[in-house]
Structure formats: structure tokens, C-alpha cells
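Visitor: Residue-level listing of the chains:
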Amino acid sequence: MQAKLSVKNVFKIFGDKTDEALSRLEQGESKEQIFEATGATVGVRDANFDVDEGEIFVVMGLSGSGKSTLVRMLNGLIPPTSGEVLIDGEDIADCKKDVLRRIRREKVAMVFQHFALFPHWTVAENAAYGLKVKGVPAAERRERAIAALEKVGLGSRADSLPSELSGGMQQRVGLARGLATDPQILLMDEPFGALDPLIRREMQDELVVLQKELKKTIVFITHDLNEALLLGDRIAIMQDGRFVQVGTAQEIVSAPADDYVAAFVADIDRGRVFTAEDVSNAAEAVTLGEASAEDAMRAMEDLNRHALYVVDGANRVAGVVTYQDLAAATLDNGAPNPILEDVMLTEYPTVDADVQLYDLYGAASAGLPIAVTDDKDRLVGVVEPEAVFAQLSGENGEQDAVPPPSVEDEKIKEGAHV
Amino acid sequence: MFSPGDLMTIPFDSWINDFVRGWLVPNFRPAFRAAQVPITMTLNGLNGFFLWMPMLITTAAFALAAWRYAGRGIAIFTLLGFAFIDMIGLWPQTMTTLAMIVTSVLFCAVIGIPLGILAARSDRLWSVTRPVLDIMQTIPSFVYLVPIVMLFGVGMTPGIIATIIFALPPIVRLTNLGIRNVRGDLIEASHAFGSTGWQMLWDVQFPLALRTIMAGLNQTLMLALSMVVIAALIGAGGLGLVVNTGLGRLDVGGATAGGVGIVILAIVLDRITQGMGEQNNVQTVSLRQAVINLFRLRGPEPQGEPGKAG
Chain U
4 MQAKLSVKNV FKIFGDKTDE ALSRLEQGES KEQIFEATGA TVGVRDANFD
54 VDEGEIFVVM GLSGSGKSTL VRMLNGLIPP TSGEVLIDGE DIADCKKDVL
104 RRIRREKVAM VFQHFALFPH WTVAENAAYG LKVKGVPAAE RRERAIAALE
154 KVGLGSRADS LPSELSGGMQ QRVGLARGLA TDPQILLMDE PFGALDPLIR
204 REMQDELVVL QKELKKTIVF ITHDLNEALL LGDRIAIMQD GRFVQVGTAQ
254 EIVSAPADDY VAAFVADIDR GRVFTAEDVS NAAEAVTLGE ASAEDAMRAM
304 EDLNRHALYV VDGANRVAGV VTYQDLAAAT LDNGAPNPIL EDVMLTEYPT
354 VDADVQLYDL YGAASAGLPI AVTDDKDRLV GVVEPEAVFA QLSGENGEQD
404 AVPPPSVEDE KIKEGAHV
Chain D
298 MFSPGDLMTI PFDSWINDFV RGWLVPNFRP AFRAAQVPIT MTLNGLNGFF
348 LWMPMLITTA AFALAAWRYA GRGIAIFTLL GFAFIDMIGL WPQTMTTLAM
398 IVTSVLFCAV IGIPLGILAA RSDRLWSVTR PVLDIMQTIP SFVYLVPIVM
448 LFGVGMTPGI IATIIFALPP IVRLTNLGIR NVRGDLIEAS HAFGSTGWQM
498 LWDVQFPLAL RTIMAGLNQT LMLALSMVVI AALIGAGGLG LVVNTGLGRL
548 DVGGATAGGV GIVILAIVLD RITQGMGEQN NVQTVSLRQA VINLFRLRGP
598 EPQGEPGKAG
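Protein chains in written order, with our numbering: chain U, 4 to 421; chain D, 298 to 607.
Just chain U, with the same shape it has in the complex (with noise of 0.2 Å):
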């Protein structure tokens, strides 16, 4: 499949030595030595990249790493040094201005980090803009600026002035005047960088939501980390204009490609980066009926855990046994097999897969291993307490999403059990 925008090879060189620039380049020089040297600033160098439809596509480095440059050379705001741009095959960094002008108007639309609304006209006026520009009749504009109001939360404002609204409604109708046009692709430059925590947090669920109805092709720059691994179907680095990792948020969280992204990702919230799937176990279990107290027990000790999930013959969950119930219960009855429903607990943690660790703090606290289970209740796999901290921590972010675990492991787990 063509990808919906595709970057080859983008440089960008401000200033008028463009060419000895690129050539410095090429021979390895640094941004810095090209600056003394020519006087001219790399902005990007050579950016490659795909974007799928549908995909969030987030662009995340520091102020002076070029993300706001890539971002305005994905619509021709800026025009490339050299590379192509290309838009459904299109290549806009090479084309006439009316090309240019009739891909703005019918394919890319783009959210600034100021908003940049009309102070002149009223929110629907604003939301409308992009129709504006393409000659849309009065009356069906503004019919379809207020959908796009709507769908933004923001109909019953239609008719103020941006200046009588707060930061967060002023950029939902930056994003309402965006999606107005219905584009197909979304440029977000640093949309929520102005706002308050707060009402940032309140955005990014909400993109999330509305990405879910809407499924556009966005290109999203932010400095925020944390707001590209939550985003990000994919995620780019960006250091003195050029990529250093570009990967999923679990690939740049657990295999960071250089120091500059580990020092970024040391103090990200990883609770929000990996679901449960990423830290659960094969979905080991035994089964009512079949196995015996003292078969469970031989399990326990083969795969090192202190409980293990019972399950039916559906492999539905039934229960939860732990070594220490089924000791006890051995002791009591002086009987050497108790019934595993007998010792079995009904009351046990369960989560989907695809549940993020910060959701899973609360469960993982009680000590028992977390049944993960499909749609239809069945044991897909177990998250160990001790798993979900370990990640939390970054313990294991070097390894694979399901360590074995280890030896020291099991003699704390033994030390805080027995």
C-alpha cells in the first residue's frame, strides 16, 4: 500500500550557502561547524518517513530540533532545500503554486500551537475558514463548521469571539477549523504545548477519542514525551534536526536507541506506556477437576510462583490457589489432598490486555497475580505483581515483554510469603 505521506531525503538549510551547507553536511560535519563555516542553520537533515492512513504519527524533540520546520514542510509553509514530499504520491516540495494551494485546501489542514483564530471573526466564522477559502456558499459553511464545532464540544459557542474563550476551547476550535474541510491529514503543531496540564491531559484523551471516529492521518509535533508515547502510533525523535529513533512507544521505552532518548525516557511515566499484555505470563493454569491439590502445588514450584489460576474446562477463570491456602490446607486436614475448590479463592483481580500498568497499581498491590482474560472471560495470561513494579521501575526495560522470573526474584517472593 502507498503510504498516505511520504518524506524522502528532506533537507532544509536556512540561509543563502544552502549548497556548501549540504556538502558540509554530507562529509559529517555538525550543525555548529556549519554555522561558523557558512553561516547557514540546518534546520532538518535528511528526514525519511512514512505515514500510513490512519496513523498517528508524532514528532517529538526538543525547541531548535526542527520539528516545527518538518511539520511546515509537510504542507509547503516551508519549502524543502532538497527531498521530496509526497502526498498520495503527489510531490509538493516540487510543484506549482496552484498544485500547492488546491492540496491545502482539499487534503492537509493544520493546528497551531497559538491557535491562530481570526481575533476579527466569531468561532463559527473562524471554524469555517477553510471553507471559506474554497468558495463554499455562506449558509452550507457554516452549517458544516458548527458539525465540526460539535464534534469538538464547542457548538453552543458558535457565536462568540475567540477572545471570550479559554485557552483549551480557543485550540478546539483551531482543531474544529481543521477538520472542517474533512482533510486527510491533520499537521498538529504542538497543539496542547500552550495550556495548562490540566486541560492538555483533557485534550490528549479527547484526540484520542475523536481519532477513534475519525481515523485522519495525523502528523503531531510536541516537546512532551509523555504526550507522544500516550498519542503516538508511532513516534519520531528528533535531535539537532535529524531523526535518532523512530519506533512504538514500547520500542523507544524498553530499547531507547541512544543516551539522548534514554535521558528523555528515564523519567517518563511508564504506567502509561505498557498494558498488561507487555508484562503478563503465558496464561499457565490448572484445571478443576483434573488436577489435585499436590499437582498445583508441583506446578507452583516448576514455574517458581507462589499462585497459580484455576480454570474450568472452557479455560474459563474459576479461582485463584496459592501455595501458602494449599500448604495450610494440607496441615489442617492432615489429609494429604484437599480439594482445590475447597482452598481456591473466588475473589481475584482480572484486567484485558490491553489495560495500561497505571490502571493496574491498585490490583497488582493486593499480591496476588492478575488474571488477564478475553472478551469472553477466558485466562489469556497472568500479570505477577512483581512484574508490573519491575516494569514500573524499569527494571527489565532492556528485556523482552515476559521475563522469567529470576531466582533473587522468587527468594524475596519466599521471604515476604513464608
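Keep in mind that the hints were calculated from the coordinates and are not lab data.
For every residue, glycine included, the Cβ atom is placed at its ideal position computed from N, Cα and C.
Be aware that a few hints might be false.
Unchecked claim - Cut-off 25 Å, straight-line C-alpha distance, at most; resulting in silico cross-link-like pairs (SDA-like, lysine to any residue):
{"no.": "1", "chain 1": "U", "residue 1": "Lys-100", "chain 2": "D", "residue 2": "Arg-418"}
{"no.": "2", "chain 1": "U", "residue 1": "Lys-137", "chain 2": "D", "residue 2": "Trp-495"}
{"no.": "3", "chain 1": "U", "residue 1": "Lys-215", "chain 2": "U", "residue 2": "Arg-108"}
{"no.": "4", "chain 1": "U", "residue 1": "Lys-99", "chain 2": "D", "residue 2": "Asp-482"}
{"no.": "5", "chain 1": "U", "residue 1": "Lys-99", "chain 2": "D", "residue 2": "Ser-419"}
{"no.": "6", "chain 1": "U", "residue 1": "Lys-137", "chain 2": "D", "residue 2": "Thr-493"}
{"no.": "7", "chain 1": "U", "residue 1": "Lys-34", "chain 2": "U", "residue 2": "Lys-215"}
{"no.": "8", "chain 1": "U", "residue 1": "Lys-20", "chain 2": "U", "residue 2": "Arg-245"}
{"no.": "9", "chain 1": "U", "residue 1": "Lys-100", "chain 2": "D", "residue 2": "Gln-496"}
{"no.": "10", "chain 1": "U", "residue 1": "Lys-100", "chain 2": "D", "residue 2": "Ile-414"}
{"no.": "11", "chain 1": "U", "residue 1": "Lys-20", "chain 2": "U", "residue 2": "Gly-67"}
{"no.": "12", "chain 1": "U", "residue 1": "Lys-11", "chain 2": "U", "residue 2": "Glu-93"}
{"no.": "13", "chain 1": "U", "residue 1": "Lys-11", "chain 2": "U", "residue 2": "Lys-137"}
{"no.": "14", "chain 1": "U", "residue 1": "Lys-100", "chain 2": "D", "residue 2": "Trp-499"}
{"no.": "15", "chain 1": "U", "residue 1": "Lys-100", "chain 2": "D", "residue 2": "Ile-484"}
{"no.": "16", "chain 1": "U", "residue 1": "Lys-20", "chain 2": "D", "residue 2": "Ser-419"}
{"no.": "17", "chain 1": "U", "residue 1": "Lys-11", "chain 2": "U", "residue 2": "Ala-260"}
{"no.": "18", "chain 1": "U", "residue 1": "Lys-99", "chain 2": "D", "residue 2": "Met-497"}
{"no.": "19", "chain 1": "U", "residue 1": "Lys-100", "chain 2": "D", "residue 2": "Arg-480"}
{"no.": "20", "chain 1": "U", "residue 1": "Lys-99", "chain 2": "D", "residue 2": "Ala-380"}
{"no.": "21", "chain 1": "U", "residue 1": "Lys-99", "chain 2": "D", "residue 2": "Met-350"}
{"no.": "22", "chain 1": "U", "residue 1": "Lys-137", "chain 2": "D", "residue 2": "Trp-499"}
{"no.": "23", "chain 1": "U", "residue 1": "Lys-34", "chain 2": "U", "residue 2": "Gln-242"}
{"no.": "24", "chain 1": "U", "residue 1": "Lys-154", "chain 2": "U", "residue 2": "Glu-58"}
{"no.": "25", "chain 1": "U", "residue 1": "Lys-99", "chain 2": "D", "residue 2": "Gln-496"}
{"no.": "26", "chain 1": "U", "residue 1": "Lys-20", "chain 2": "U", "residue 2": "Gln-5"}
{"no.": "27", "chain 1": "U", "residue 1": "Lys-11", "chain 2": "D", "residue 2": "His-488"}
{"no.": "28", "chain 1": "U", "residue 1": "Lys-34", "chain 2": "U", "residue 2": "Asp-49"}
{"no.": "29", "chain 1": "U", "residue 1": "Lys-100", "chain 2": "D", "residue 2": "Leu-321"}
{"no.": "30", "chain 1": "U", "residue 1": "Lys-99", "chain 2": "D", "residue 2": "Thr-493"}
{"no.": "31", "chain 1": "U", "residue 1": "Lys-100", "chain 2": "D", "residue 2": "Asp-303"}
{"no.": "32", "chain 1": "U", "residue 1": "Lys-100", "chain 2": "D", "residue 2": "Asn-541"}
{"no.": "33", "chain 1": "U", "residue 1": "Lys-99", "chain 2": "D", "residue 2": "Gly-532"}
Unchecked claim - Partial chain D-side listing against chain U, Cβ under 7 Å, derived:
{"no.": "34", "residue": "Ser-311"}
{"no.": "35", "residue": "Ala-489"}
{"no.": "36", "residue": "Ser-492"}
Stated by the list, open to error - Cβ pair distances, simulated, as ranges:
{"no.": "37", "chain 1": "D", "residue 1": "Arg-418", "chain 2": "U", "residue 2": "Asp-19", "range": "48 to 56 Å"}
{"no.": "38", "chain 1": "U", "residue 1": "Lys-215", "chain 2": "D", "residue 2": "Gly-481", "range": "46 to 54 Å"}
{"no.": "39", "chain 1": "D", "residue 1": "Glu-575", "chain 2": "U", "residue 2": "Leu-201", "range": "36 to 44 Å"}
{"no.": "40", "chain 1": "D", "residue 1": "Gly-481", "chain 2": "U", "residue 2": "Leu-201", "range": "48 to 56 Å"}
Add chain D to chain U, keeping to what the hints say.
Guide: Chain D in isolation, oriented as in the chain U frame:
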């Protein structure tokens, strides 16, 4: 003591004389004469209109505009001031002066606003325009009165041309400034949605610069008023002529009467145009809306009315 003048003297004055008398006037006099036709027509039309309009109606219209844009105080001042002018017998002269001012400002706007817009879009044009405006503003107006008389003759229209030269710079400067000061991110947003240059000018730049442009218009108006007396030296009529006649006859009373008339007119026009400009502070009104507002009794139409989307 040596000075460069010992080495060589430049006959600058005779160069200019040769240029104006020897070349410009013989070759271009008909062209300049033809160029003043639209000014003459506008002026005559306006002058006839203001003189035809009964004094009370004109006064009422100005008082209403003053009330709308500048408040009750200025409205009362307008009523009393215009009545005073009428009672000292200078109403027709005041109307002639008003026609001259309106004509000058109109032509300044017609020339100055497009020039300012073009200058805002091109640094090169602005770098050429700017020194010309500097010269126009600083050169004593008496210097260009003589060549104007040579080229255009004497009368009302040459007076207005002198006024236009004197009063043009602020409107060009402030239009340029207003357009250039429109926030960069709004220009970027306008580009990003695929607008053409005209669409951007009309939808974004001009409305957002309107307040600054109105300030320029106000400055131009004030400068035009200050040229009234000087323009009368080359045959323009109105209150300037009254002042000049008084001056010539050492008639202090007559000169003062004319001067007071100019001051009253100046205050009324200044306050009204300033008020119009400041309304654009809160909300920028389209030209059509501004004209409609002028004739409405209550405050400006609330923005964001459903009917005027776009």
C-alpha cells in the same frame, strides 16, 4: 579659511529652474492639466452638495455621527460649534473647506492605501517609497507651491494637489505598518488553508490592519486641515481664504473668525474619525458594516450574528 565653495560652485537653483521651467512645464503641462480633472470633478460635486444641503441637516448629520462615535459631549460641541460658525457668517466657506478636505482625504486614501499595501508586501518597494515619503513630509510646502502653480495653474484644484502631497505620507506609512504588523501565525494559518494572496488580503490582513489604517486616515485628515490656509495662497477658497484676506488687510477679527472656524471643524472631524478607528479595537468592522453603523442610532451591531457568517 578654505571651504569647498572656493573650489567650485554648483548652480543648483538654476538647474532646478531649467528643469521645471525649461523641460517639465513646456512638455507636461497638458498632461498635468488633464490629470487634475477627476479631482476637480470630485471637488465641484462635493462643494455643490455641501453648499446645497441646508445647514441644519448637515449639522444634525455631524452631530449624530459625533454622538455615535465620540460620545454626547462632542455631539453637543458639534451642534454649538456649527451654530457658531453659521452665526459669524462663515457657513459657506466652512462647507467649501469641508469639500476640499474630504476630496483631499479621499484621494489620499485612494492613492495611499493601495500603495501602503503594496509597500507592505515588498521590501524593495518600501525602501523606495520611504525616502520619498520622508521628503514629502519634511520639505516646506511653499517649495512646491510654485511648480504646482506653473503646472496646474491657480485655483481650488492646485490647492488640493498641494494638500495631497502634504497629507499623503501618514496614510501610506500606517497602512504599511498595519499590514506588516498582522500576526505572523495568522498569515501562516491563512496560507496553510490554501488562500490566495487576494483572499488573505481581504479576509485577514486588511480587516486586522483596519484600525491602524484608520489612525493613518485620521492623521491625513489633520494634515489636510493644516494645509487649508497655505492652499489658499494659490487660489483655494474657503476658510483659508478668509484667514488670508484678514492677514492681508491686517483685519485681526476676520482672520481670527476664519481660524476659529478651522479649529471647530478640525476638532469635530478628528474626534469622529478617531472614534471610528477605535471601534475597530474591540471588533473589526467591515467597510460595509462601518457605513451601516454610521446610519444606525444605537451602538454597533453585535458581532457574531448568525446572519453574517463570513
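Visitor: Taking 25 Å as the top limit, are the C-alpha atoms of U/Lys-20 and D/Ser-419 close enough?
Guide: The hint holds at about 23 Å.
Visitor: Decide if the proposed pair is consistent with the structure: U/Lys-100 and D/Trp-499, CA atoms, cutoff 25 Å inclusive.
Guide: At roughly 19 Å apart (the allowed maximum being 25 Å), D/Trp-499 and U/Lys-100 satisfy the hint.
Visitor: When you check the alpha-carbon spacing of U/Lys-100 and D/Arg-418, does it fall within 25 Å?
Guide: 18 Å, holds
Visitor: A closest beta-carbon separation below 7 Å is what the hint needs, so does D/Ala-489 meet it against chain U?
Guide: It holds, given that the least Cβ distance between D/Ala-489 and chain U is near 4 Å, below 7 Å.
Visitor: For the pair supplied as a hint, U/Lys-100 and D/Asn-541, confirm whether the alpha-carbon distance does not exceed 25 Å.
Guide: This hinted pair is violated, its Cα atoms lying about 59 Å apart.
Visitor: Given the hinted pair U/Lys-99 and D/Ser-419, is their alpha-carbon gap at most 25 Å?
Guide: Roughly 22 Å between the alpha carbons, so the hint for U/Lys-99 and D/Ser-419 holds.
Visitor: Does the beta carbon distance between U/Lys-215 and D/Gly-481 stay inside 46 to 54 Å, or does it fall outside?
Guide: 34 Å, violated
Visitor: Given the hinted pair U/Lys-100 and D/Ile-414, is their alpha-carbon gap at most 25 Å?
Guide: 22 Å, holds
Visitor: U/Lys-20 and U/Gly-67 were given as a pair; does the straight-line alpha-carbon distance stay at or below 25 Å?
Guide: 20 Å, holds
Visitor: Is the hinted pair U/Lys-154 and U/Glu-58 satisfied, with a Cα-Cα distance of at most 25 Å?
Guide: 20 Å, holds
Visitor: Tell me if the straight-line CA distance from U/Lys-99 to D/Gly-532 falls inside 25 Å.
Guide: Roughly 57 Å separates the two Cα atoms, so the pair is violated.
Visitor: U/Lys-215 and U/Arg-108: Cα distance at most 25 Å?
Guide: Satisfied, since the Cα-Cα distance of roughly 24 Å is no more than 25 Å.
When each numbered hint is compared with the structure, violations occur for hints 7, 13, 20, 21, 26, 29, 31, 32, 33, 34, 37, 38, 40.
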